[in-house]
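Engineer: Sequence:
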Amino acid sequence: MSNTSRNLWLGFLVAACALPLAARAQANTLASDLIGSWRLDSWTLGNGMPRCSEEEGGVSGQIIYSLDGHMSAQLGCAGIDIGDVGSLSAQEVMGRLSRRHFTYYGGYTLDEAAQTVTHHVLGSSSVPFVGSDQVRNFVFEGPDRLVLSPEGSSQRLTWLRNR
1 MSNTSRNLWL GFLVAACALP LAARAQANTL ASDLIGSWRL DSWTLGNGMP
51 RCSEEEGGVS GQIIYSLDGH MSAQLGCAGI DIGDVGSLSA QEVMGRLSRR
101 HFTYYGGYTL DEAAQTVTHH VLGSSSVPFV GSDQVRNFVF EGPDRLVLSP
151 EGSSQRLTWL RNR
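All the letters of the sequence shown, read from the start, carry residue numbers 1 to 163 under the UniProt record's numbering.
Since the hints were derived computationally from the structure, they do not count as laboratory data.
Be aware that one or more of the hints could be misleading.
Each pair of labels, with its calculated beta carbon distance range [as the list claims (entries may be wrong)]:
id: 1; residue 1: S89; residue 2: R163; range: 40 to 46 Å
id: 2; residue 1: L122; residue 2: G36; range: 18 to 24 Å
id: 3; residue 1: S66; residue 2: H101; range: 17 to 23 Å
If you're wondering where the values come from, they're calculated on a predicted model, not measured in any experiment.
Where a beta carbon is used, it is the ideal one built from N, C-alpha and C, also for glycine.
The whole structure should be built from the sequences, with the hints applied where relevant.
Structural biologist: Encoded structure:
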């Protein structure tokens, strides 16, 4: 075997071994980009309207992704008055509370190829969420801006990294 052939063969082997390492490095980069705490900047519905009306105040929220695969989310409409509920039915009170403050926590898994993060809900202020998997499409719009959208929905939640 000539030196040229040997060098070409060696180059091919090095390239073949480097491809999986490069893919793994990219995956680790996406995972490390997600780790940390984020504050809710905006929440729009499929029609482009804000999730919270002016009377309900602006959005408020935080989502945290830990290095060891746990997550926690709290979000809602910050200005909803929950102090004067005497004239409301129990169902109306619960509706107001759930728009004011919605929470859930659990583990998460990241699918870099699909650009999704799945929240494996262990506990929530909403009973139907408990035990569910909540899939979120994600896009990074710079190092400190994360957009999450529930799979199958055109809602858009924009999060800014807490610094």
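Engineer: Run the structure past the numbered hints and jot down the numbers of the failing ones, going up.
Structural biologist: The structure conflicts with no hint, since it agrees with every one listed earlier.
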